[in-house]
Structures are given as structure tokens and as C-alpha cells.
Amino acid sequence: MSNTFNNDLKQQLVADFQANESRLNGETKTPVHQTRREAMQNFEKLGFPTIKHEEWKYSNVNSLVKQAFDFNVKTEFGSEELETLAIPNLEGNILYFINGIYNPSLSRIVSPENQLQILSFGQAVKENPSLLDDYFAKYANYQDDAFTALNTAFAHDGVVVNVPAGKVVEQPIILRFITDARTANAASQPRNLIVVGKNAEVKMAEAFRTIGENGSFTNIVTEIVIDENANVQYYKVQNETEKAYHIGTTQVSQKANSHFYAVTVTVNGGFVRNNLNIVLDGQNCEAFMYGLYFPNGKQHIDNHTLVDHAKPNSYSNELYKGVLQDKSTGVFNGKIFVRDGASKTNAYQSCRNVVLSDEASMNTKPQLEIYNDDVKCSHGTTTGKLNDEALFYMRSRGIPKAEAMTLLMYAFCEDVISEIKIEPIRAYLEGVIADKLAQK
Amino acid sequence: MLTITDLQASVDQKEILKGINLEIKPGEVHAIMGPNGSGKSTLASVLAGREEYEVTGGSVDFEGQDLLEMSPEERAAAGIFLAFQYPVEIPGVTTINFLKTALNEIRKSRGEEPLDAAQFLKLMREKAKLVNIDDALLKRSLNEGFSGGEKKRNEIFQMAMLEPKLAILDETDSGLDIDALRIVAEGVNKLRTPERAVIVVTHYQRLLDYIVPDYVHVLYKGRIVKSGPKELALELEEKGYDWIKAEVAAL
Numbered sequence: 001m002s003n004t005f006n007n008d009l010k011q012q013l014v015a016d017f018q019a020n021e022s023r024l025n026g027e028t029k030t031p032v033h034q035t036r037r038e039a040m041q042n043f044e045k046l047g048f049p050t051i052k053h054e055e056w057k058y059s060n061v062n063s064l065v066k067q068a069f070d071f072n073v074k075t076e077f078g079s080e081e082l083e084t085l086a087i088p089n090l091e092g093n094i095l096y097f098i099n100g101i102y103n104p105s106l107s108r109i110v111s112p113e114n115q116l117q118i119l120s121f122g123q124a125v126k127e128n129p130s131l132l133d134d135y136f137a138k139y140a141n142y143q144d145d146a147f148t149a150l151n152t153a154f155a156h157d158g159v160v161v162n163v164p165a166g167k168v169v170e171q172p173i174i175l176r177f178i179t180d181a182r183t184a185n186a187a188s189q190p191r192n193l194i195v196v197g198k199n200a201e202v203k204m205a206e207a208f209r210t211i212g213e214n215g216s217f218t219n220i221v222t223e224i225v226i227d228e229n230a231n232v233q234y235y236k237v238q239n240e241t242e243k244a245y246h247i248g249t250t251q252v253s254q255k256a257n258s259h260f261y262a263v264t265v266t267v268n269g270g271f272v273r274n275n276l277n278i279v280l281d282g283q284n285c286e287a288f289m290y291g292l293y294f295p296n297g298k299q300h301i302d303n304h305t306l307v308d309h310a311k312p313n314s315y316s317n318e319l320y321k322g323v324l325q326d327k328s329t330g331v332f333n334g335k336i337f338v339r340d341g342a343s344k345t346n347a348y349q350s351c352r353n354v355v356l357s358d359e360a361s362m363n364t365k366p367q368l369e370i371y372n373d374d375v376k377c378s379h380g381t382t383t384g385k386l387n388d389e390a391l392f393y394m395r396s397r398g399i400p401k402a403e404a405m406t407l408l409m410y411a412f413c414e415d416v417i418s419e420i421k422i423e424p425i426r427a428y429l430e431g432v433i434a435d436k437l438a439q440k
Numbered sequence: 001m002l003t004i005t006d007l008q009a010s011v012d013q014k015e016i017l018k019g020i021n022l023e024i025k026p027g028e029v030h031a032i033m034g035p036n037g038s039g040k041s042t043l044a045s046v047l048a049g050r051e052e053y054e055v056t057g058g059s060v061d062f063e064g065q066d067l068l069e070m071s072p073e074e075r076a077a078a079g080i081f082l083a084f085q086y087p088v089e090i091p092g093v094t095t096i097n098f099l100k101t102a103l104n105e106i107r108k109s110r111g112e113e114p115l116d117a118a119q120f121l122k123l124m125r126e127k128a129k130l131v132n133i134d135d136a137l138l139k140r141s142l143n144e145g146f147s148g149g150e151k152k153r154n155e156i157f158q159m160a161m162l163e164p165k166l167a168i169l170d171e172t173d174s175g176l177d178i179d180a181l182r183i184v185a186e187g188v189n190k191l192r193t194p195e196r197a198v199i200v201v202t203h204y205q206r207l208l209d210y211i212v213p214d215y216v217h218v219l220y221k222g223r224i225v226k227s228g229p230k231e232l233a234l235e236l237e238e239k240g241y242d243w244i245k246a247e248v249a250a251l
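Listed in order, the protein sequences are those of chains A and B.
With this note's numbering, the residue at position 278 of the first sequence is 278, and numbering never jumps.
With this note's numbering, the residue at position 244 of the second sequence is 244, and numbering never jumps.
Incorrect hints may have been included.
Computed list of lysine to aspartate or glutamate pairs in DMTMM-like fashion (alpha-carbon distance at most 20 Å, straight line) [to be verified]:
{"#": "1", "chain 1": "B", "residue 1": "Lys129", "chain 2": "B", "residue 2": "Glu113"}
{"#": "2", "chain 1": "B", "residue 1": "Lys100", "chain 2": "A", "residue 2": "Glu213"}
{"#": "3", "chain 1": "A", "residue 1": "Lys421", "chain 2": "A", "residue 2": "Glu213"}
{"#": "4", "chain 1": "B", "residue 1": "Lys165", "chain 2": "B", "residue 2": "Glu195"}
{"#": "5", "chain 1": "A", "residue 1": "Lys385", "chain 2": "B", "residue 2": "Asp6"}
{"#": "6", "chain 1": "B", "residue 1": "Lys151", "chain 2": "A", "residue 2": "Glu423"}
{"#": "7", "chain 1": "A", "residue 1": "Lys401", "chain 2": "B", "residue 2": "Glu195"}
{"#": "8", "chain 1": "A", "residue 1": "Lys198", "chain 2": "A", "residue 2": "Glu242"}
{"#": "9", "chain 1": "A", "residue 1": "Lys66", "chain 2": "A", "residue 2": "Glu213"}
{"#": "10", "chain 1": "B", "residue 1": "Lys139", "chain 2": "A", "residue 2": "Glu228"}
{"#": "11", "chain 1": "A", "residue 1": "Lys401", "chain 2": "B", "residue 2": "Asp209"}
{"#": "12", "chain 1": "B", "residue 1": "Lys14", "chain 2": "B", "residue 2": "Glu28"}
{"#": "13", "chain 1": "B", "residue 1": "Lys151", "chain 2": "A", "residue 2": "Asp388"}
{"#": "14", "chain 1": "A", "residue 1": "Lys203", "chain 2": "A", "residue 2": "Glu423"}
{"#": "15", "chain 1": "B", "residue 1": "Lys139", "chain 2": "B", "residue 2": "Glu112"}
{"#": "16", "chain 1": "A", "residue 1": "Lys436", "chain 2": "A", "residue 2": "Asp415"}
{"#": "17", "chain 1": "A", "residue 1": "Lys436", "chain 2": "A", "residue 2": "Glu389"}
{"#": "18", "chain 1": "B", "residue 1": "Lys100", "chain 2": "A", "residue 2": "Glu403"}
{"#": "19", "chain 1": "B", "residue 1": "Lys139", "chain 2": "A", "residue 2": "Glu21"}
{"#": "20", "chain 1": "A", "residue 1": "Lys385", "chain 2": "B", "residue 2": "Glu51"}
{"#": "21", "chain 1": "B", "residue 1": "Lys100", "chain 2": "A", "residue 2": "Glu414"}
{"#": "22", "chain 1": "A", "residue 1": "Lys401", "chain 2": "B", "residue 2": "Glu238"}
{"#": "23", "chain 1": "A", "residue 1": "Lys344", "chain 2": "A", "residue 2": "Glu369"}
{"#": "24", "chain 1": "B", "residue 1": "Lys25", "chain 2": "B", "residue 2": "Asp6"}
{"#": "25", "chain 1": "B", "residue 1": "Lys108", "chain 2": "A", "residue 2": "Glu369"}
{"#": "26", "chain 1": "B", "residue 1": "Lys221", "chain 2": "B", "residue 2": "Asp209"}
{"#": "27", "chain 1": "B", "residue 1": "Lys239", "chain 2": "B", "residue 2": "Asp209"}
{"#": "28", "chain 1": "A", "residue 1": "Lys385", "chain 2": "A", "residue 2": "Glu423"}
{"#": "29", "chain 1": "A", "residue 1": "Lys385", "chain 2": "A", "residue 2": "Glu403"}
{"#": "30", "chain 1": "A", "residue 1": "Lys401", "chain 2": "B", "residue 2": "Glu52"}
{"#": "31", "chain 1": "A", "residue 1": "Lys385", "chain 2": "B", "residue 2": "Glu89"}
{"#": "32", "chain 1": "A", "residue 1": "Lys401", "chain 2": "B", "residue 2": "Glu89"}
{"#": "33", "chain 1": "A", "residue 1": "Lys376", "chain 2": "A", "residue 2": "Glu423"}
{"#": "34", "chain 1": "B", "residue 1": "Lys165", "chain 2": "B", "residue 2": "Glu186"}
{"#": "35", "chain 1": "A", "residue 1": "Lys126", "chain 2": "A", "residue 2": "Glu21"}
One side only, chain A facing chain B, incomplete, derived with CB under 8 Å [said to hold, decoys possible]:
{"#": "36", "residue": "Ala256"}
{"#": "37", "residue": "Cys377"}
{"#": "38", "residue": "Glu389"}
These aren't lab readings, by the way, just hints derived from the structure by calculation.
Quick caveat, the model's predicted, so the values are computed rather than measured.
For every residue, glycine included, the Cβ atom is placed at its ideal position computed from N, Cα and C.
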């Protein structure tokens with residue numbers, strides 16, 4: 001069987017979906033599969049978004065859906081080869097996904113099982129169906145979002161992480177996605193579910209790396225369910241190729257007194273769309289969102305964030321920063337909902353950009369919908385060039401122009417980089433970012 | 001060391017410098033005074049290589065090199081230093097990191113080995129004493145949230161670190177109270193050597209009580225209209241600039 005994308009994409013996917021079903025035997029009756037079916041129907045109704053769709057106005061997927069992709073590229077990686085793709089010195093629970101498929105033999109789980117339970121999605125369907133019944137697809141919007149619907153319809157792989165109540169997972173969980181586009185246009189649709197119990201604590205990262213000259217397409221959905229008083233740090237790190245399409249949704253649900261902290265860094269990628277959606281479904285929640293992006297060439301990087309203040313007394317704060325070069329394009333769309341009952345909400349949002357070329361462009365759109373009078377909200381976006389006066393100051397001290405620009409751009413990003421609390425990830429990013437900024 | 005001949009410069013099509021002539025030898029301190037808008041800061045900026053200023057005529061020779069052909073970083077490497085009237089705040093870059101980069105770039109352009117971290121810190125501690133600048137301040141982002149006095153002291157500290165041949169102090173006294181002024185001036189005096197020349201650009205005479213110049217030049221309407229010994233500064237302090245303006249008008 002080969003799942004390929006082409007112009008008859010919808011038909012192709014319907015055929016693929018049916019082919020999948022015929023191999024599932026008894027599983028078709030499970031609630032999980034009923035959800036997949038419903039999602040497929042939604043996808044059929046929705047189709048791929050066009051730029052007429054408000055949420056996709058500046059991000060045109062036309063070139064994506066015209067390409068053919070293989071969803072089943074088979075790759076063997078030796079551990080030595082894998083080592084060259086690793087983030088140096090990163091210790092913890094490292095889970096490898098090769099072309100979207102969780103690979104337990106390459107992965108290493110170091111935390112004790114009473115702290116952390118990790119199952120592949122397929123295993124979870126068989127071994128812990130009640131966890132899926134309770135949480136799977138209960139948060140990510142597969143009703144209205146075409147890519148989430150598509151991912152949900154094809155939810156067969158990925159990982160299901162369960163952190164039981166009261167457990168503090170000391171070692172981070174690193175989901176390392178390697179896409180191998182050396183032999184074909186490789187596509188994958190990983191689906192992850194992270195369930196964090198009351199008073200539990202966990203740090204996790206999703207790190208994406210693509211190799212090879214062909215195109216790639218990742219359509220990933222990660223649902224993170226955070227119970228009362230729990231604490232989650234989440235990092236998304238993208239270093240893919242010029243021909244990589246990445247569409248990802250991170251859907252977060254927070255209960256009362258919980259704390260969520262996200263940093264999304266896109267170093268490279270051809271066409272990137274990150275959706276970070278957070279529902280603050282309890283009082284006294286805190287949510288922090290940081291983002292950084294460095295498109296150059298013809299790269300396109302789009303960050304959509306949504307914070308839904310559904311209950312009173314919660315706090316959200318958001319800072320996204322970008323440096324755009326050449327003919328690259330960027331999008332930031334930040335939505336804040338404050339529901340009728342969500343009094344005493346504090347919500348802050350800021351997006352700052354440096355555009356280094358006349359041919360690069362950045363579209364920023366803050367969207368605040370506030371249905372309560374007793375709130376504190378602010379938002380601000382800036383897009384400008386590097387500070388000429390600072391540049392002259394540095395040059396007058398003997399620092400060459402290119403070096404001064406790199407230092408200034410790096411300084412501009414520093415406050416977001418310093419928010420990365422997993423030291424090896426920060427060190428890795430400092431390196432790749434400095435390399436990229438020095439490329440000019 | 002520095003020979004300025006008939007230098008003319010404009011900004012936004014407006015002519016500011018209308019033919020400056022000035023000769024500076026090693027070890028000399030020259031004060032450039034003049035009323036607001038006379039072109040003092042423009043002269044300092046043109047010498048340091050600020051790009052907004054367009055040189056429309058004349059020449060500047062620095063130790064046999066055509067200064068006007070050089071980029072700001074090349075001028076710094078050749079030994080020119082501008083202490084800014086308004087030092088720039090650069091969040092995210094510490095003074096230490098900034099200066100280490102600057103010093104090592106200058107050394108590199110001179111074919112010298114870069115200083116390692118230990119050598120650099122030793123040099124920094126030594127020079128920091130000259131201007132009573134606190135270690136903690138140097139670990140912070142460059143000039144960010146510094147008081148006026150701290151910014152100016154940081155400029156002189158940078159001068160001490162980079163050891164220029166020619167230092168141009170652009171209104172270093174502006175915004176300083178008398179104690180801060182004294183500290184900054186003492187720092188500059190400690191850096192005076194028989195080889196190092198200094199141009200002190202100032203509106204007021206009081207800085208020159210502390211940094212005693214060899215020559216005083218009065219800049220007015222883009223030209224040096226009067227030059228004299230240090231006593232000229234006292235005369236200007238006493239009588240203001242009006243008599244100079246009257247003299248020029250009478251010509």
C-alpha cells in the first residue's frame with residue numbers, strides 16, 4: 001500500500017482510509033476508530049484550506065497539496081548515524097520517531113515506570129484503551145480544522161504519555177522526529193497524547209529534523225492534558241529543510257492552578273505552520289508562550305496562538321520574536337478569548353520582528369475577544385529594522401558590520417532563548433541560531 | 001597625526017561643515033567649543049565615520065591614511081575612538097562581551113593574537129579602576145538602565161580598554177553633575193600620554209578646568225573662527241559666544 005498525495009488528494013486519502021480500515025479487524029468498533037471515521041468525514045467536508053479561509057489568509061498550502069508524498073517511507077537507522085542527528089549532551093527519556101513511526105529500539109526511557117508510562121499509540125489502543133477513550137481527540141478541534149481532522153483520521157502512530165498524579169518526572173521527555181527524505185517525498189502524521197495528573201510535573205520537547213533532498217510533509221497533533229496544580233514545560237524545536245512542510249497543532253487543556261510553559265523555536269523549515277492552542281479551563285492557571293523564528297531564503301513561518309480564558313483569575317503571557325531575511329515571510333496571529341465569566345483575567349501578548357531585507361515580509365495580527373469588563377489585557381507588535389545607531393556604536397568600537405549585525409540580532413533573541421530551561425537544548429539552539437544569523 | 005583640510009559635510013542636503021582646517025599632533029589636547037548648532041558634534045561624527053553625514057569636500061589624513069575612505073570599524077582599528085554624547089543602550093549584549101569582541105577584532109586587524117578570557121578579565125579589572133566602574137555594571141547589558149554618569153564613565157572605560165591613538169570626546173560633560181564630571185575627567189587625564197591625542201568637544205568651559213587643553217578652537221556656523229591657547233576657553237566662559245558672533249558678522 002502506498003499513501004500518496006496528488007491532485008486527487010481527497011479521493012486518495014479516502015481510499016487510503018478505507019484500505020487502513022480493512023486491515024484493522026476488530027479495532028473498527030472501538031471508540032478510537034469511531035472518532036477516526038468522524039474525523040475523516042469532517043475532512044471530506046472541509047477539504048484543504050485556501051487563502052480565502054481567514055485562518056489561512058497568509059499561508060497558502062496550494063503548493064503542498066499539489067505534491068505527491070509517500071506516507072510509508074521505510075528507513076533503517078543505525079545508532080551511529082542517529083548520533084550525528086542528536087542534540088549533544090541531551091539526557092533523559094529520548095523517544096525516536098523515524099518518518100513519524102515511534103521506534104522503541106532506538107529510544108531510551110530512563111524514568112521509572114511509576115513516574116512515567118510511555119506507550120506507542122498502537123500499543124495504547126490495545127493496552128490502555130480507557131486512557132484514549134477519556135482523552136484522545138477530546139481537545140484538538142477535528143470538527144473545523146482540516147489538518148487536525150486529517151491527522152485524527154489517520155491517528156495510528158505517535159506516543160501516549162501518562163504522568164500519574166503527584167509524580168515529578170525529573171528527566172525530560174524528548175520526542176525526536178527524524179524525517180528521512182533521502183529517497184522520496186516523505187510524509188507522516190504523528191499523533192501524541194500527553195496526560196499529566198494532579199500535582200505532577202514534567203518537562204518535554206518535540207524536536208524535528210529532516211534530512212535528504214526530497215520534500216517532506218509532517219502533519220502532527222499533540223494533545224496535552226494538564227490536571228489541577230500540575231506543571232508542564234513544553235519545547236518545540238524545528239530544524240528542517242527548505243523543502244519541508246510542517247503543519248502542527250499543540251492543543252493544551254489546563255485545569256485549576258496548573259502551570260504551562262511553552263517555547264517554540266523554528267530555525268529552519270520550508271513552510272511551517274504552528275498552532276498553539278491553550279484552554280485555561282480552571283481558576284488561577286498560568287500559561288507562558290515564547291516563540292522565535294528565523295526564516296531566510298524563501299522560508300515561510302507561521303505561528304498561530306490561541307489562549308482561551310474560560311475561567312476567572314488566570315494569567316497568560318506571550319512573547320514571539322522573529323528575524324526575517326531575504327525573501328522570507330512570517331506570520332504571527334495571536335488570539336486571546338476572555339469568556340463572559342472569566343473576570344480578573346490577565347492576558348498579555350507581544351510580537352517583535354526585525355526585517356533585514358526589503359523583500360521579506362511579516363504579517364502580525366493580534367486578535368482580542370473580550371467578553372468581561374474586569375480584565376487586564378494588552379498586546380503589541382513591532383516590525384522594524386536593526387537599530388542603526390546601535391550598529392554604528394558597535395562599528396565605532398572596531399566590530400565589523402556583519403559581526404555587529406549578528407551580535408545585535410542575537411541580542412534581540414536573547415530574552416526568548418534564555419527561557420529555554422533544558423540546558424543542552426538551549427546550547428544546541430544557541431549554536432544553530434548563531435550559525436544561521438552569521439550566514440547573511 | 002591628524003590633518004583636516006577644508007572639510008565640508010552635510011546631512012539631509014543641509015550643509016553643516018563649511019570648510020574645517022585643523023592639525024593635531026601626538027600628545028596634544030584640542031578643545032572644540034562653540035554655540036549649539038555650530039557643527040561640533042557633526043565634526044566628531046564625520047571623523048568617526050557616521051554614515052548619515054555626507055562629506056561634500058575636503059580631506060582628512062590620519063597618519064598618512066585617507067580617513068574618509070575608511071569604514072567606522074577600520075577607523076577604530078587604526079586607533080580612532082569616539083566617546084558618544086548619547087551612548088547607545090544595547091539590551092542583550094553585556095559590556096564585557098561587547099568589549100571583548102571589539103578588542104579582539106581590533107587586535108585581529110593588527111595581526112595580534114586575541115586575548116583569552118583570563119587575560120581579558122585581568123585587563124578589564126585594571127582599567128575599570130581608572131574610572132571607578134563597578135564589575136557588576138560591566139556584567140549588565142551595555143548601557144541599559146545606566147545613569148547618565150555611568151554611561152559616560154563606561155565610554156571612558158571603553159577608551160581605556162581600546163587604547164586609541166586619537167580620542168574624540170563628544171560633549172562628554174553633558175548631563176553630568178560635578179562629581180561625575182570630575183571622575184570622568186580624571187579618567188581621561190590618566191589616559192593622557194605623549195603619543196595619544198584628544199579632541200574635547202564641549203559647549204561649556206567647566207570640563208576644561210579638569211581636562212586642560214593645549215589649544216581651544218571656536219566653531220561657529222561650520223567654520224573654525226577662532227583658535228587660541230587654553231585661556232580662550234576662560235574668555236568664552238566669561239563673555240559668552242556673542243562677541244565671537246559679532247566678530248564674525250563684522251568680517
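Verification of the hints:
1. The straight-line distance between the Cα atoms of lysine 129 of chain B and glutamate 113 of chain B is roughly 25 Å, outside the 20 Å bound, and the hint therefore fails.
2. Using a Cα cut-off of 20 Å, the hinted pair lysine 100 of chain B and glutamate 213 of chain A is violated, with the two alpha carbons roughly 40 Å apart.
3. Between lysine 421 of chain A and glutamate 213 of chain A the alpha-carbon distance is near 33 Å, which puts this suggested pair outside the 20 Å criterion.
4. For a cut-off of 20 Å, the pair hint linking lysine 165 of chain B to glutamate 195 of chain B stands: about 7 Å separates their Cα positions.
5. About 35 Å separates the Cα atoms of lysine 385 of chain A and aspartate 6 of chain B, which puts this hinted pair outside 20 Å; it is violated.
6. The suggested pairing of lysine 151 of chain B with glutamate 423 of chain A is violated, with an alpha-carbon distance near 33 Å, which exceeds 20 Å.
7. Proposed proximity of lysine 401 of chain A and glutamate 195 of chain B is contradicted: the alpha carbons are some 29 Å apart, above 20 Å.
8. Restraint check: the Cα-Cα separation between lysine 198 of chain A and glutamate 242 of chain A comes to about 41 Å, which exceeds 20 Å; the hinted pair is violated.
9. Straight-line distance between C-alpha atoms of lysine 66 of chain A and glutamate 213 of chain A comes to about 18 Å, which keeps the hinted pair within the 20 Å bound.
10. Annotation: proposed proximity of lysine 139 of chain B to glutamate 228 of chain A is violated, straight-line Cα distance about 40 Å (limit 20 Å).
11. This hinted pair does not check out: lysine 401 of chain A and aspartate 209 of chain B have alpha carbons roughly 38 Å apart, beyond 20 Å.
12. Taken as a hint, the lysine 14 of chain B and glutamate 28 of chain B pair is broken in the structure, with Cα atoms around 32 Å apart against an allowance of 20 Å.
13. A C-alpha spacing of about 19 Å is found between lysine 151 of chain B and aspartate 388 of chain A, which places the hinted pair at or below 20 Å, so the restraint holds.
14. For the suggested pair lysine 203 of chain A and glutamate 423 of chain A, the alpha carbons sit about 12 Å apart, so the restraint of at most 20 Å is met.
15. A C-alpha spacing of about 26 Å is found between lysine 139 of chain B and glutamate 112 of chain B, which places the hinted pair above 20 Å, so the restraint is violated.
16. Our distance criterion of 20 Å between C-alpha atoms is met by lysine 436 of chain A and aspartate 415 of chain A, whose separation comes to about 18 Å.
17. Our distance criterion of 20 Å between C-alpha atoms is broken by lysine 436 of chain A and glutamate 389 of chain A, whose separation comes to about 24 Å.
18. Distance check on the hinted pair: lysine 100 of chain B and glutamate 403 of chain A sit about 13 Å apart at the alpha-carbon level, within 20 Å; holds.
19. For the proposed pair lysine 139 of chain B and glutamate 21 of chain A, the alpha carbon gap of about 62 Å is over 20 Å, so the pair is violated.
20. Our distance criterion of 20 Å between C-alpha atoms is met by lysine 385 of chain A and glutamate 51 of chain B, whose separation comes to about 16 Å.
21. About 18 Å separates the Cα atoms of lysine 100 of chain B and glutamate 414 of chain A, which keeps this hinted pair within 20 Å; it holds.
22. For the suggested pair lysine 401 of chain A and glutamate 238 of chain B, the alpha carbons sit about 45 Å apart, so the restraint of at most 20 Å is broken.
23. With a C-alpha separation of about 15 Å, the suggested pairing of lysine 344 of chain A with glutamate 369 of chain A holds against the 20 Å cut-off.
24. About 18 Å separates the Cα atoms of lysine 25 of chain B and aspartate 6 of chain B, which keeps this hinted pair within 20 Å; it holds.
25. Restraint check for lysine 108 of chain B and glutamate 369 of chain A: the C-alpha separation of about 56 Å exceeds 20 Å, so the hint is violated.
26. Between lysine 221 of chain B and aspartate 209 of chain B the alpha-carbon distance is near 26 Å, which puts this suggested pair outside the 20 Å criterion.
27. Taking the CA atoms of lysine 239 of chain B and aspartate 209 of chain B, the gap is about 17 Å. The hint holds against a cut of 20 Å.
28. Distance hint between lysine 385 of chain A and glutamate 423 of chain A is unfulfilled; the C-alpha atoms sit about 30 Å from each other, more than 20 Å.
29. Restraint check: the Cα-Cα separation between lysine 385 of chain A and glutamate 403 of chain A comes to about 16 Å, which is no more than 20 Å; the hinted pair holds.
30. Proposed proximity of lysine 401 of chain A and glutamate 52 of chain B is supported: the alpha carbons are some 16 Å apart, at most 20 Å.
31. Taking the CA atoms of lysine 385 of chain A and glutamate 89 of chain B, the gap is near 16 Å; set against the 20 Å cutoff, the hint holds.
32. Taking the CA atoms of lysine 401 of chain A and glutamate 89 of chain B, the gap is near 18 Å; set against the 20 Å cutoff, the hint holds.
33. Under the criterion of a C-alpha separation no larger than 20 Å, the hint pairing lysine 376 of chain A with glutamate 423 of chain A is inconsistent with the structure, at around 33 Å.
34. In summary, the hint linking lysine 165 of chain B to glutamate 186 of chain B is supported, as the alpha carbons are separated by about 18 Å, within the 20 Å threshold.
35. At roughly 16 Å between alpha-carbon atoms, lysine 126 of chain A and glutamate 21 of chain A fall within 20 Å of each other, so this suggested pair holds.
36. About 36 Å separates the beta-carbon of alanine 256 of chain A from the nearest beta-carbon of chain B, more than 8 Å, and the hint is not met.
37. Evaluation of the cysteine 377 of chain A hint against chain B yields a violated restraint, the C-beta minimum of about 25 Å exceeding 8 Å.
38. About 5 Å separates the beta-carbon of glutamate 389 of chain A from the nearest beta-carbon of chain B, less than 8 Å, and the hint is met.
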